[in-house]
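Undergrad: Listed below are the residues making up each chain.
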Amino acid sequence: MDPGFLPQMPPALGQPALFGVLLLAGLLGGEVVRRMLGLPRITGYVLGGVLLGPQVSGFLAPGVLGEARVLIDLSLGLIVFELGHRLDAQWLRRNRWLFVAAIAESLFCFAAVFASLLAFGFQPLLAATAAAIGTATSPAVVLLVAHELRAAGQVTERMLLFTAVNCVFAYVALTLLLPFLHLEHEMSWREAVLHPLYILGGSALVGFVASLALLWLAAWVGKREDRQFILLIALVVLAVGAARSLNLSVVVTLITLGMLARNFDYEHVLLPLRFGYGGQLFFVILFVLTGASLEFNALPAVGGAVAAFIVARFLGKGLALLAFGRLSGVRPASAAQLSLALLPMSGLAVVMVLDTQAMYPAFGGELAAVVLSAVAVLEILGPIATQFALRRAGEADPAAGSA
Amino acid sequence: MTGAADEMHFTPSAALSFGVELELQLVQAHDLDLARDAGELLARLEKVPLAGAVKPEITESMIELNTSVHARYPALAAELEATRDAVVKEAGMLNLRVCGGGTHPFHSWTERRIFPTERFRHILERYGYLAKQFTVFGQHIHIGCPNGDDAVYLVHMMTRYVPHFIALSAASPFYQGEDTQFQSSRLTAVNAFPLAGHMPFVKDWAEFVEYFERMRAFGVVESMKDFYWDIRPKPEYGTIEIRVCDTPLNVGRAAQLAAYAQALAKWLLEERPREPRRAVYLVNAFNRFEAARFGLRGQLIDPFEETRRPLAEDILQALAGVMPQASALDGAEALAALAADVRRTYSDADWLRERYAANKSLAHTVRESAACWAGDKPRASG
Chain E
1 MDPGFLPQMP PALGQPALFG VLLLAGLLGG EVVRRMLGLP RITGYVLGGV LLGPQVSGFL
61 APGVLGEARV LIDLSLGLIV FELGHRLDAQ WLRRNRWLFV AAIAESLFCF AAVFASLLAF
121 GFQPLLAATA AAIGTATSPA VVLLVAHELR AAGQVTERML LFTAVNCVFA YVALTLLLPF
181 LHLEHEMSWR EAVLHPLYIL GGSALVGFVA SLALLWLAAW VGKREDRQFI LLIALVVLAV
241 GAARSLNLSV VVTLITLGML ARNFDYEHVL LPLRFGYGGQ LFFVILFVLT GASLEFNALP
301 AVGGAVAAFI VARFLGKGLA LLAFGRLSGV RPASAAQLSL ALLPMSGLAV VMVLDTQAMY
361 PAFGGELAAV VLSAVAVLEI LGPIATQFAL RRAGEADPAA GSA
Chain F
1 MTGAADEMHF TPSAALSFGV ELELQLVQAH DLDLARDAGE LLARLEKVPL AGAVKPEITE
61 SMIELNTSVH ARYPALAAEL EATRDAVVKE AGMLNLRVCG GGTHPFHSWT ERRIFPTERF
121 RHILERYGYL AKQFTVFGQH IHIGCPNGDD AVYLVHMMTR YVPHFIALSA ASPFYQGEDT
181 QFQSSRLTAV NAFPLAGHMP FVKDWAEFVE YFERMRAFGV VESMKDFYWD IRPKPEYGTI
241 EIRVCDTPLN VGRAAQLAAY AQALAKWLLE ERPREPRRAV YLVNAFNRFE AARFGLRGQL
301 IDPFEETRRP LAEDILQALA GVMPQASALD GAEALAALAA DVRRTYSDAD WLRERYAANK
361 SLAHTVRESA ACWAGDKPRA SG
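Protein sequences appear in the order of chains E and F. First residue of the first sequence? That's 1 in my numbering, and the numbers climb one at a time after it. First residue of the second sequence? That's 1 in my numbering, and the numbers climb one at a time after it.
Isolated chain E, as found in the complex (with noise of 0.2 Å):
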């Protein structure tokens, strides 16, 4: 007998089981990191996808990301929309010596890895690609990290702001290498030149036209918390859909629109940010899916290279931290610190890499396999670097748990 009405066995995983199983995987693995071993529960929130993933229990299949590339675009649009919201020109107005720190911290550390990975033999162009990538920081970790620790003070501020910074550079940077990537690949030069520019423009319109929507919307609806928050959620997942049907970036598009959305802010119709346990959802889904997409097992055949890129990543931007730090206002230990708290590499640079081998599968192999090896061990050891920074600085919450 074969009722019609069961289902076959054995039953098919759908989406909503598929997010059901990745916050399981993400809570568990948090609290089981954060009790037996005390380590920020992002690093067990990884650790859970590492178990889901194809490299242990093999219950996500290879390229789940590219599958539940949806609930990363739109984990990832929330987490840097909020970090485009920090990001106060103001500031940057008031003490311009963060400004040059910030762009020297994006640039040191771009020129580090760059110069690294030349030694190691690999060609200029791909060399400046990776390096490229390996310049931003990871918001979604950053920002996580200073949450659960509820951190305030001078480096938690400046670890955003200067995370906001690299982010922004690495997109422009990586975008400003399509057109020789394209000439690579034989391609006209008015397509070369073009791709770029419709990539910055149009993520950049997205974005500006999304917050002007937004300020305005805000400004009807007045200062109502639940309603401003259904408001802004409404206007990331627009804006993270236009970009992706319009192939444009939805990281710069949605940096974008969190920048305008405060800098715009003129008559100050938006309430302060606060996303809650809804964007904390968001956070889990991000790190257990990277984590079961984080590639080890390269990693023994890369590793001289990984380690040269980390060290290098690191010492770029710790360079330029002291260098500028003082005459930015804040006390060399503090710039040792705010070097270590933007170690954190993550989904954002998975992403990255994703995009730019399904555009030049020449991006790939080794390179990739580098860049892939250095995020896995950053994913582990960041969160742990960043939640140590802050806590050293003193501005964590004692009260508050492990991030």
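Don't read these hints as lab results, they were simulated from the structure. A portion of the hints provided could be inaccurate.
Stated by the list, open to error - Pairwise CB distance ranges (calculated): (1) E:I103 to F:A71: 45 to 55 Å; (2) E:L217 to F:Q176: 50 to 60 Å; (3) E:A115 to F:H122: 46 to 56 Å; (4) E:I103 to F:E354: 41 to 51 Å; (5) E:L281 to F:D226: 45 to 55 Å; (6) E:S57 to F:A358: 53 to 63 Å; (7) F:P49 to E:A358: 53 to 63 Å; (8) F:A71 to E:R331: 34 to 44 Å; (9) F:A358 to E:R190: 33 to 43 Å; (10) E:L354 to F:K55: 53 to 63 Å; (11) E:R331 to F:P49: 13 to 23 Å; (12) E:I103 to F:K55: 32 to 42 Å; (13) E:P272 to F:R214: 43 to 53 Å; (14) F:P12 to E:N263: 48 to 58 Å.
Note that CB positions come from ideal geometry on N, CA and C, so glycine has one too.
Following the hints, put chain F in place on chain E, whose structure we already have.
TA: Just chain F now, kept in the frame of chain E:
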């Protein structure tokens, strides 16, 4: 014992010299909640040459701005503005905003952290949650006295005017996210301390020292700092310290209040218009409540005349009465500014409520309050 004798030795100071202390709020630019960067800001300010001093206060969200000792209102006002500008500039480098006002409108006291110095740790240990709830911001006015007996006289006589200072400075209508209906909700937080209140009715400095020694022998206090009185003598500086004012929303008002206290002191010390009366302390709690709750719209019982009248009327009369003294001290302009606000029944608390009614967000009210402090935005007329 010698330590005690030293502490209670009244160091004479120039009569009617004056200075102010302002406790200020540090807020974060992004959500306008209290910040925790007092340490970083103070480290920066150490490198800036200032006439006065800027010091840590009980929590990491607060700094205290002290002026040097002055003889005249214009110089005090000018120094306050210069210090204000320096503090605002350095705070801006750290993306902090500085605010006046007696309370932060919406902070949650559970999130406050106590500034890590020995004395403040002791306060936290002793007073528990009161210490954190005590995240309120006041202005203290010091008036110099040539000797302890004059100081005792001045404390008793000034007490009658305590409601004036409360109503004129009131700037804390909001507390923990709510409109308290008070013009100054800060005073209520001060009242919770066991040693709040007023100086006992002693007749001279010798009797005061005797009282202090007894309290210390009981183990109730260790030093003068333990008394959280509305007005207390400060023998170390040779001053009396008026402690009932909320920190105003801008330095202009802070200087005006000090000028009023100075003019009153000149009149009281030089003319000795009356002898101290116990009755002052009988009506003190009532008068104080009226002023904190209703501000300029409150009532006042005059313990000398034994009449009850509108507080605003009483203030206007007193301001007019000491105008000659104020003129002699170059402070007439300050008293005129105070009188103008009394006439239209308008205080910083009213301004804060007005801004909140207009922008419907306490966070944005704090933002405007910071602009008002920085001098970017004059406190609009009602």
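Undergrad: Against each hint, give a clear statement of whether it holds in the structure.
TA: Evaluated hints:
Between I103 (chain E) and A71 (chain F) the beta carbon distance is about 51 Å. The supplied range of 45 to 55 Å therefore holds. L217 (chain E) and Q176 (chain F) have their C-beta atoms about 30 Å apart, which leaves the hinted 50 to 60 Å range violated. Separation of A115 (chain E) from H122 (chain F) is about 54 Å and conforms to the stated range, judged on CB atoms against 46 to 56 Å. For the pair I103 (chain E) and E354 (chain F), the supplied restraint of 41 to 51 Å holds, since their beta-carbon distance comes to about 42 Å.
The hinted window of 45 to 55 Å between L281 (chain E) and D226 (chain F) holds, with their beta carbons roughly 50 Å apart. Between S57 (chain E) and A358 (chain F) the Cβ separation comes to about 58 Å, which falls inside the hinted range of 53 to 63 Å. For the pair P49 (chain F) and A358 (chain E), the beta carbons lie near 59 Å from each other, so the given range of 53 to 63 Å is met. Between A71 (chain F) and R331 (chain E) the beta carbons are some 39 Å apart, a value that agrees with the proposed interval 34 to 44 Å.
Taken as a hint, the range 33 to 43 Å is violated for the pair A358 (chain F) and R190 (chain E), whose Cβ atoms sit roughly 54 Å apart. Here the CB-CB span from L354 (chain E) to K55 (chain F) is close to 54 Å, well matched to the stated 53 to 63 Å. The hinted window of 13 to 23 Å between R331 (chain E) and P49 (chain F) holds, with their beta carbons roughly 20 Å apart. Judged by the Cβ atoms, the range 32 to 42 Å given for I103 (chain E) and K55 (chain F) holds: they are separated by roughly 36 Å.
Take P272 (chain E) and R214 (chain F): their Cβ atoms lie about 51 Å apart, and the range 43 to 53 Å holds. Take P12 (chain F) and N263 (chain E): their Cβ atoms lie about 56 Å apart, and the range 48 to 58 Å holds.
In terms of the numbered hints stated before, the structure departs from hints 2, 9, listed from lowest to highest.
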